[in-house]
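Peer 1: The residues making up each chain are set out below.
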Amino acid sequence: MLAINILTEALASIGRSTLGLLASIGRLAIFAGLAISHMLRGPFYPREFAVQLLRIGYFSLPVVGLTTLFTGGALALQIYAGGARFNAESVVPSIVAIGMIRELGPVLAGLMVAGRVGASIAAEIGTMKVTEQIDALTTLSTNPMKYLVVPRILAATLAMPLLVLIGNIIGILGGFLVGTLRLGFNPAAYMSNTVDFLEAGDITSGLIKAAVFGFIVALMGTYSGFHSGRGAQGVGQATTNAVVSASVLILASNYLLTELLFPS
Amino acid sequence: MSGVAKIALKGVKKSFGSNAVLRGVDLGVAKGSSLVVIGGSGTGKSVLLKCILGIVTPDAGEILIDGAALKNREDFLSHFGMLFQGGALFDSLTVWQNVAFRLLQGRSKLSKADARELAVEKLRRVGLKPEVAFQFPAELSGGMQKRVGLARAIASEPSVIFFDEPTTGLDPIMAGVINELIREIVVDLGATAITITHDMSSVRAIADHVAMLHAGKVRWHGVVGDIDASGDAYVDQFINGRAEGPIESVR
Chain A
1 MLAINILTEA LASIGRSTLG LLASIGRLAI FAGLAISHML RGPFYPREFA
51 VQLLRIGYFS LPVVGLTTLF TGGALALQIY AGGARFNAES VVPSIVAIGM
101 IRELGPVLAG LMVAGRVGAS IAAEIGTMKV TEQIDALTTL STNPMKYLVV
151 PRILAATLAM PLLVLIGNII GILGGFLVGT LRLGFNPAAY MSNTVDFLEA
201 GDITSGLIKA AVFGFIVALM GTYSGFHSGR GAQGVGQATT NAVVSASVLI
251 LASNYLLTEL LFPS
Chain B
1 MSGVAKIALK GVKKSFGSNA VLRGVDLGVA KGSSLVVIGG SGTGKSVLLK
51 CILGIVTPDA GEILIDGAAL KNREDFLSHF GMLFQGGALF DSLTVWQNVA
101 FRLLQGRSKL SKADARELAV EKLRRVGLKP EVAFQFPAEL SGGMQKRVGL
151 ARAIASEPSV IFFDEPTTGL DPIMAGVINE LIREIVVDLG ATAITITHDM
201 SSVRAIADHV AMLHAGKVRW HGVVGDIDAS GDAYVDQFIN GRAEGPIESV
251 R
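Same order as they appear, the protein sequences are chains A and B. Using this note's numbering, the first residue of the first sequence is number 1, and each one after it goes up by one. Using this note's numbering, the first residue of the second sequence is number 1, and each one after it goes up by one.
There's no promise every hint is true.
Computed cross-link-like contacts, EDC-like style, restricted to lysine to aspartate or glutamate with a CA-CA straight-line distance of at most 20 angstroms [unchecked claim]:
no.	chain 1	residue 1	chain 2	residue 2
1	A	Lys146	B	Glu157
2	B	Lys31	B	Glu139
3	B	Lys129	B	Glu139
4	B	Lys112	A	Glu9
5	B	Lys112	B	Glu157
6	B	Lys109	A	Glu103
7	A	Lys146	B	Asp75
8	A	Lys146	B	Asp91
Source of the hints: derived by calculation from the structure; they are not laboratory data. From a predicted model like this one, the values you see are computed outputs, not experimental measurements.
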């Protein structure tokens, strides 16, 4: 009897969790659909969009730049050490470039922006919800989805490819500096190897990934903020949810996009 | 109440999960009249306001504006102002941008200079100096934030104004100042006002009519002058702030 009760309780617990997860996915899908539909219908808030573009894009440059610079350098060292096992040290420039542009640039920038921007969006909107600023927007004839969500999602979706483009260049520069100053590569040969093996598809695929990651970061930030609980604990939880869910979704969508863009 | 009410609620019900907050509220406010809704914490006063505004959707019942169900909420909100309990000022905007927020949106928006001038005038109306216009909300005291919230609520000269706990967190003198300002403004604008509060000094200063909400229903509704002789034990206990009485208090 006791065993049946424990089993029933365990199954009920799994059922509750599954239903909760499905409900969350449903709420997120409705929120995303609503946000996209508001992108297509006015009024639009260009000033808000410009402010968000600056906050999300420009102010994320240092963190993305530093991340890709050091990653590019580390990548050069690793590929050199690995390549030396079968006398293939010369592949360092091309592998650094391809690795940065196709994979590491978008993913690392996405994760860093999720930490910096996703958390900030969730905390800002969560606080606005707790302090009734979102209700105040409604009473002032302003749709919160149009005023708060749409500018952030649009700005993040557009800013991320630009950030990744710059991050890729800095990452390749990191590899170049380590390659030429530490590993003894000829600067001209390094640059030539970098450019010669790159294809347009490498760059566009990285930028497509970046746009998708930007959309995910802003969507999860705004969604978590809008569904924030009460008080400091609620806002803190919303911030954590935004970063964790955006990071996991970035990694999962990265795999799916890689499958789609580079079918084997 | 004679004639058609400006705002009328009929059998409005709202539950959150198993918690039935409003259990059939019937209430009306005449045009140009000031109604104060009183009741203990958690009796659904704020939910009532949010139902009228459409921020919360009632589970049952009707909300009528000028005798008809609300078809165009945008139209209603364009003639509406609200003072929130905590001010709900936008942190990222200066005081004048907060006050003139509505005037800077939409097709008939004002120029920045005109909106700023109007905001300064409204700030003066609530007793704030023009220099305050260029500060951020975080730089102001609680009382000043309430005044800015009041200036924002009246900026577009609305015909309906809601006040949510206007004196909460203020010292008695500042509370008195805010109460007087609210009364003056409502009379000057000829607006229909609904205030929710549990501050009896606000009730006596602001109200034409008072409704007491208890257990999700309107317990008593009458003219403010009759409240002391309401003959209702619940109202008596509430307005006299007694711990003993039919309203259960947690000790």
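Peer 1: Now tell me if each hint is right for this structure.
Peer 2: Results for each hint:
no., hint, result
1, A:Lys146 with B:Glu157, "25 angstroms, violated"
2, B:Lys31 with B:Glu139, "37 angstroms, violated"
3, B:Lys129 with B:Glu139, "14 angstroms, holds"
4, B:Lys112 with A:Glu9, "63 angstroms, violated"
5, B:Lys112 with B:Glu157, "18 angstroms, holds"
6, B:Lys109 with A:Glu103, "47 angstroms, violated"
7, A:Lys146 with B:Asp75, "18 angstroms, holds"
8, A:Lys146 with B:Asp91, "18 angstroms, holds"
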